[in-house]
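Asks: Residue numbers (the working numbering), protein chains in the order written: chain A, 1 to 327; chain B, 1 to 423; chain C, 1 to 327.
Warning: the hint list may mix true and false statements.
To be verified - Computed cross-link-like contacts, EDC-like style, restricted to lysine to aspartate or glutamate with a CA-CA straight-line distance of at most 20 Å:
#1 B:Lys-148 - C:Glu-230
#2 A:Lys-185 - A:Asp-248
#3 C:Lys-316 - C:Glu-283
#4 C:Lys-253 - B:Glu-128
#5 C:Lys-253 - B:Asp-114
#6 A:Lys-138 - C:Glu-51
#7 B:Lys-148 - C:Glu-51
#8 C:Lys-316 - C:Glu-222
#9 C:Lys-316 - C:Glu-227
#10 B:Lys-148 - B:Asp-132
#11 B:Lys-243 - C:Glu-249
#12 C:Lys-253 - B:Asp-323
#13 A:Lys-185 - A:Asp-250
#14 B:Lys-243 - C:Asp-243
#15 C:Lys-253 - B:Glu-229
#16 C:Lys-159 - A:Glu-136
#17 A:Lys-33 - A:Glu-323
#18 C:Lys-253 - C:Glu-230
#19 C:Lys-159 - C:Asp-15
#20 B:Lys-412 - B:Glu-155
#21 B:Lys-137 - B:Asp-114
#22 A:Lys-263 - A:Asp-250
#23 A:Lys-56 - A:Glu-184
#24 B:Lys-148 - C:Glu-227
#25 C:Lys-159 - C:Glu-22
#26 C:Lys-33 - C:Glu-3
#27 C:Lys-253 - B:Asp-149
#28 B:Lys-148 - C:Glu-283
Hints were generated in silico from the structure; no laboratory data involved.
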Amino acid sequence: MMLSEQQQVDMFWYMLLARRLDERAWILHRQGKIAFHISGIGQEAAQVGAAFAVRKGEDWVVPYYRDLALMLYLGYTPREFMLSLMGKREEPSSGGRQMPSHWSLRRANVVSHSAPVATQTPHAVGIALAITMRREDKVVLTTIGEGATSQGEWYEAVNWAAIHRLPVIFMVENNHYAISEPIEKQMAVEGAAAKACGLGLEGIAVDGTDALAVYDVVARAVEKARRGEGPTLIEARMYRLTPHSSDDDDRSYRSRDEVEAHKRRDPLLRMRQHLEAQGWLGAERLQALEAEIKALVDAAVNEATQAPYPAPEEAAGPLFCSEVTHA
Amino acid sequence: MATPVIMPQLGESVVEGTVLRWLKQPGETVAEFEPLLEVSTDKVDSEVPSPASGVVLQILVPTGQTVRAGTVLAWIGAAGEALGGEEAPAVSPAPAEAPAAPTASPLTPGRNRDLGFISPVVARLAREHNLDLRQIKGTGEGGRITKKDVLRYLERQPTPTPETPAAWETPGEGDLFRPTEDVPSAAPSAPPPAEAKERLIPLTPMRQKIAERLSYSARTIPHVTTVMEADLKRVVAHYTAHKPLFARDGVNLTYTAYFALAAVAALRAYPLLNASWTEEGIRVYETINLGIAVSLGDEGLVVPVIRQAEGLSLLGMARAINDLAARARGRRLTPDDLQGGTFTITNHGVGGSLFATPIILPPQCAILGVGKITPRPVVIEDAIAIRPMVYLSLTFDHRILDGAVADAFLSKIVQTLQTWPEA
Amino acid sequence: MPEMTLVEAIRQAMDEEMARDERVFIVGEDVGKRGGVFRATLGLYEKYGPERVIDSPLAEASIVGVGIGAALYGMRPICEIQFADFIFPAFNQIVNEAARMCYRSNGEWCVPLVIRAPYGGGIGGGLYHSQSVEAFFAHVPGLKVVIPSNPYDAKGLLKSAVRDPNPVLFLEPKKGYRLLRGEVPTEDYVVPIGPARVTRPGRDISLFAYGMMHYYALQAAEMVAAEGIEVEVVDLRTLAPVDRTTILESVRKTGKALIVHEDNLTGGYGAEIAALIAEEAFEALDAPVRRLCGPDVPGVPFSHPMQDWFMPNAPKIAAALRALAAY
Numbered sequence: 001m002m003l004s005e006q007q008q009v010d011m012f013w014y015m016l017l018a019r020r021l022d023e024r025a026w027i028l029h030r031q032g033k034i035a036f037h038i039s040g041i042g043q044e045a046a047q048v049g050a051a052f053a054v055r056k057g058e059d060w061v062v063p064y065y066r067d068l069a070l071m072l073y074l075g076y077t078p079r080e081f082m083l084s085l086m087g088k089r090e091e092p093s094s095g096g097r098q099m100p101s102h103w104s105l106r107r108a109n110v111v112s113h114s115a116p117v118a119t120q121t122p123h124a125v126g127i128a129l130a131i132t133m134r135r136e137d138k139v140v141l142t143t144i145g146e147g148a149t150s151q152g153e154w155y156e157a158v159n160w161a162a163i164h165r166l167p168v169i170f171m172v173e174n175n176h177y178a179i180s181e182p183i184e185k186q187m188a189v190e191g192a193a194a195k196a197c198g199l200g201l202e203g204i205a206v207d208g209t210d211a212l213a214v215y216d217v218v219a220r221a222v223e224k225a226r227r228g229e230g231p232t233l234i235e236a237r238m239y240r241l242t243p244h245s246s247d248d249d250d251r252s253y254r255s256r257d258e259v260e261a262h263k264r265r266d267p268l269l270r271m272r273q274h275l276e277a278q279g280w281l282g283a284e285r286l287q288a289l290e291a292e293i294k295a296l297v298d299a300a301v302n303e304a305t306q307a308p309y310p311a312p313e314e315a316a317g318p319l320f321c322s323e324v325t326h327a
Numbered sequence: 001m002a003t004p005v006i007m008p009q010l011g012e013s014v015v016e017g018t019v020l021r022w023l024k025q026p027g028e029t030v031a032e033f034e035p036l037l038e039v040s041t042d043k044v045d046s047e048v049p050s051p052a053s054g055v056v057l058q059i060l061v062p063t064g065q066t067v068r069a070g071t072v073l074a075w076i077g078a079a080g081e082a083l084g085g086e087e088a089p090a091v092s093p094a095p096a097e098a099p100a101a102p103t104a105s106p107l108t109p110g111r112n113r114d115l116g117f118i119s120p121v122v123a124r125l126a127r128e129h130n131l132d133l134r135q136i137k138g139t140g141e142g143g144r145i146t147k148k149d150v151l152r153y154l155e156r157q158p159t160p161t162p163e164t165p166a167a168w169e170t171p172g173e174g175d176l177f178r179p180t181e182d183v184p185s186a187a188p189s190a191p192p193p194a195e196a197k198e199r200l201i202p203l204t205p206m207r208q209k210i211a212e213r214l215s216y217s218a219r220t221i222p223h224v225t226t227v228m229e230a231d232l233k234r235v236v237a238h239y240t241a242h243k244p245l246f247a248r249d250g251v252n253l254t255y256t257a258y259f260a261l262a263a264v265a266a267l268r269a270y271p272l273l274n275a276s277w278t279e280e281g282i283r284v285y286e287t288i289n290l291g292i293a294v295s296l297g298d299e300g301l302v303v304p305v306i307r308q309a310e311g312l313s314l315l316g317m318a319r320a321i322n323d324l325a326a327r328a329r330g331r332r333l334t335p336d337d338l339q340g341g342t343f344t345i346t347n348h349g350v351g352g353s354l355f356a357t358p359i360i361l362p363p364q365c366a367i368l369g370v371g372k373i374t375p376r377p378v379v380i381e382d383a384i385a386i387r388p389m390v391y392l393s394l395t396f397d398h399r400i401l402d403g404a405v406a407d408a409f410l411s412k413i414v415q416t417l418q419t420w421p422e423a
Numbered sequence: 001m002p003e004m005t006l007v008e009a010i011r012q013a014m015d016e017e018m019a020r021d022e023r024v025f026i027v028g029e030d031v032g033k034r035g036g037v038f039r040a041t042l043g044l045y046e047k048y049g050p051e052r053v054i055d056s057p058l059a060e061a062s063i064v065g066v067g068i069g070a071a072l073y074g075m076r077p078i079c080e081i082q083f084a085d086f087i088f089p090a091f092n093q094i095v096n097e098a099a100r101m102c103y104r105s106n107g108e109w110c111v112p113l114v115i116r117a118p119y120g121g122g123i124g125g126g127l128y129h130s131q132s133v134e135a136f137f138a139h140v141p142g143l144k145v146v147i148p149s150n151p152y153d154a155k156g157l158l159k160s161a162v163r164d165p166n167p168v169l170f171l172e173p174k175k176g177y178r179l180l181r182g183e184v185p186t187e188d189y190v191v192p193i194g195p196a197r198v199t200r201p202g203r204d205i206s207l208f209a210y211g212m213m214h215y216y217a218l219q220a221a222e223m224v225a226a227e228g229i230e231v232e233v234v235d236l237r238t239l240a241p242v243d244r245t246t247i248l249e250s251v252r253k254t255g256k257a258l259i260v261h262e263d264n265l266t267g268g269y270g271a272e273i274a275a276l277i278a279e280e281a282f283e284a285l286d287a288p289v290r291r292l293c294g295p296d297v298p299g300v301p302f303s304h305p306m307q308d309w310f311m312p313n314a315p316k317i318a319a320a321l322r323a324l325a326a327y
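The following block holds chain A by itself, in its conformation from the complex (with noise of 0.2 Å):
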């Protein structure tokens, strides 16, 4: 499947976007304006490039907190991350109870998520066993780090979906770390893809970095699993240019010159090189964009400043919901 150029350079605005609203965020946080913000910086193509291979508003998404690039994709707005890291009322995944990040958009069919990680995996292959009870053709991206893959209920899910053949993709973006801690002792396998075969599904490594090579995985594991042929497990290979959080102080476990040479290796940088291979991505037209996501993402943090707080009292409810009004 080839992308035109007018999808590339899309994919291109999503992945400066997310990349200058996150860069953004942790300014705000050095400055003392927020209080914490969990990065996705070196993870922008991999997301990007998943999320242009599913079916926006119809196909079901179960991220994990790092995919900012690809909520954007899906209809998430600056200003609405923005109003989630200062916690404002009007933030849509929680009204201000959950930390930022933690994604929820129901009118992008994007389930709200916690921080206990692969929870949300589990119910991903759920939403995959409904839609295949209904008969419906839609499919469930799921994202995870390669961290979380050490959990029960990683394996639980992935090997339920198997055993079912549910329509679900578990992409899962080595970003290298887990906090502090390096891939080999997470798992004794090379990555999270070899996992696959001992649970009986395909398991597919991709460079993370490559937006186009990720979205090429990924769009021939959706449309196999619309074909009802089951699920993909899909690992993407990137680096963590960013320390866990803005908690997180990582010259303790690595040291900058490997940092150093993986930002020699940006996805951004890639994409914009590979861009401007084509001819399509002129200087000029990198400053527009610049200019108009520079003026998005101010906009975005004046707005959210003005934002009212939620009321004290409003952290009384919601407990039970009177009727389900989704689904």
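For chain A, the structure is supplied; the task is to place chains B and C on it using the hints.
Replies: Just chains B and C now, with coordinates in the frame of chain A:
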């Protein structure tokens, strides 16, 4: 026949006296004219000589208690004589806000040297019914007084109600010193004409109290009543949504709670209606003690008071109303419950009345009457809608308030009700 | 009206709900052809097929996790945990995910899920087939916990649970599966989740119980009635959200309270009821609030004499009632 000892009227304008010290105790003998007790009034302190010779059978008013002149303080009689043949004569109106004196000092639960362990419910029952627990035999573990023991005891006592005055509130027969010979009976009432087709209903203490208080009010306060209507659509919606939620917490939500809350809001905005007229000036109260009229059927009416109503939420108000209404109907109100009101709400609508001209309860200066809530067609922006409407009748003391302020106050109540927040 | 056992009433509830609403399905270990190890789902596989009565892998976390996912997509899953003793792998999914989903998404996502599990001892099951787990779960806001004590309530409450848009943990006293019999209407009816029931009015002592202990509570009340002690027995039925009104009304009437459960004493559910009574009905109390519970040992032993030492029963309850009456 036993002789009552009466609180003397020591001085022309003196109406009450305080027992300072009993010089004799029950069981002791006393001679006629021998000093029996010392009393004090604001004019003079004095000894009271015994009206008869005999044994002190029973002391009804302990040391420190203040009672009206004419009240029976004790009984003198022959040793071993049984009391009970002395019926209290026809009672004259008890004071509207007589302070009730408990026989026992307030009892808190816990280990009591004389009584053993007093459980929370036993302490509460003792407090509510003014019981002397020493009178009650304990059948519980270790001989403690159980709730059952208290209830059994109460079943055997004639239950005093707030409307029936306690023993010492029953005045004596008028004469200060009672010589041993019979005194002339009270002035005979005019005998009914031989041909009269009528019947005479004796006045209950409550009826007399109501008559006295409201006549005084009508006589001294220039009453004006102003009426407005309120659209209760939002209140009804809120009530419907919240009634089951409140019921889960054991609270019966009624419309009265809403009117009470609206009245409180208006009183905060217009404090002049939370006031009393005095010769020295208009006394405006900071606290809102809200009286809620409770009907006791044929017996009459009581107005228990919710203290510090300004601090209550809807739930708190509903709970307080539940509690007072239940206790009123169960005849378990204490004198404290009936005192200190600064504003009153009366729900005359329950009987079907649309609007009324309620009478102010002195020393208050206003009273809000709530009429029947009926669905009526009303005009809203050129269309006709059916809304639950209610008339609110506010009677106010025209010495303190003029129409403008009273209407502003009533408008504020209407506005509060009509803009009640979403359920 | 036909008479049936507790487990038959439960089965009938599931059957009727599955017939009534095609979104309802059952998932758990051995629920299919085997009909459940307690025969709770007997015949349902034949009637509704493998798509709606699903034999799951031996993995409790995913039984619940997949159920959550399906519920998020609009299905109405009934997840069976084979024994409450085995619910702990699913604790994360129940407590962190199902219970918190509505709150954390500010009401956007609901989890209309039922989790059923047999609980309780007295059947020679030893430490791992006899546990009571209600205390762990009644503690969690956002989760409903229901325990029936008789077939009529079991059917009505399970139907309510299936129709509830919120997660409901439905614990079934396994000793009573065949022991508890009663009349159950064949037509559709529900017993609302929430209200407790006064099953025997009385003046002297309020006796609160649920599950199998309610059965013994009624027996004990009968025993002491002959001695002039009038016990009011209250079947709690729903532990969360609990019926405070009925509990407090009863204690205000009697002045004495005894709470019975087979779970360990310390931190057991009875502690919550005792605290509620002490806080809200202090002035009605004529005696300390007492609890008669399983002793604080790590499980119900297998050997008969030791099991009998552990389990509360009617004579033990009667003795506690007598002591309380004499206080």
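Asks: Decide if the proposed pair is consistent with the structure: Lys-316 (chain C) and Glu-222 (chain C), CA atoms, cutoff 20 Å inclusive.
Replies: holds (13 Å)
Asks: Assess, step by step, whether the Cα of Lys-148 (chain B) is no farther than 20 Å from the Cα of Glu-283 (chain C), and give holds or violated.
Replies: holds (15 Å)
Asks: Would the pair Lys-159 (chain C) and Asp-15 (chain C) pass a check requiring their Cα atoms to be no farther apart than 20 Å?
Replies: With a Cα-Cα distance of about 10 Å, the restraint between Lys-159 (chain C) and Asp-15 (chain C) holds, given a limit of 20 Å.
Asks: Take the C-alpha atoms of Lys-263 (chain A) and Asp-250 (chain A), compute the straight-line distance between them, and say whether it is at most 20 Å.
Replies: It holds: about 15 Å lies between the C-alpha atoms, which stays within 20 Å.
Asks: So if I understand the rule, the pair passes when the alpha-carbon distance is 20 Å or less; does Lys-412 (chain B) with Glu-155 (chain B) pass?
Replies: violated (49 Å)
Asks: Is the hinted pair Lys-33 (chain C) and Glu-3 (chain C) satisfied, with a Cα-Cα distance of at most 20 Å?
Replies: With a Cα-Cα distance of about 26 Å, the restraint between Lys-33 (chain C) and Glu-3 (chain C) is violated, given a limit of 20 Å.
Asks: Please verify whether Lys-137 (chain B) and Asp-114 (chain B) have alpha carbons no more than 20 Å apart.
Replies: holds (12 Å)
Asks: Are the Cα atoms of Lys-253 (chain C) and Glu-229 (chain B) separated by 20 Å or less?
Replies: violated (42 Å)
Asks: For the pair we were handed, Lys-159 (chain C) and Glu-22 (chain C), check the Cα-Cα distance against 20 Å.
Replies: holds (14 Å)
Asks: Given the hinted pair Lys-253 (chain C) and Asp-114 (chain B), is their Cα-Cα distance within 20 Å?
Replies: violated (28 Å)
Asks: Quickly compare the C-alpha distance for Lys-253 (chain C) and Glu-230 (chain C) to 20 Å and report which way the hint goes.
Replies: Since the Cα atoms of Lys-253 (chain C) and Glu-230 (chain C) sit roughly 12 Å apart, the hinted pair holds (cutoff 20 Å).
Asks: Between Lys-159 (chain C) and Glu-136 (chain A), is the straight-line Cα distance small enough, at 20 Å or below?
Replies: violated (28 Å)
Checked against the numbered hints listed earlier, the structure breaks hints 3, 5, 7, 15, 16, 17, 20, 23 and 26; every other hint is satisfied.
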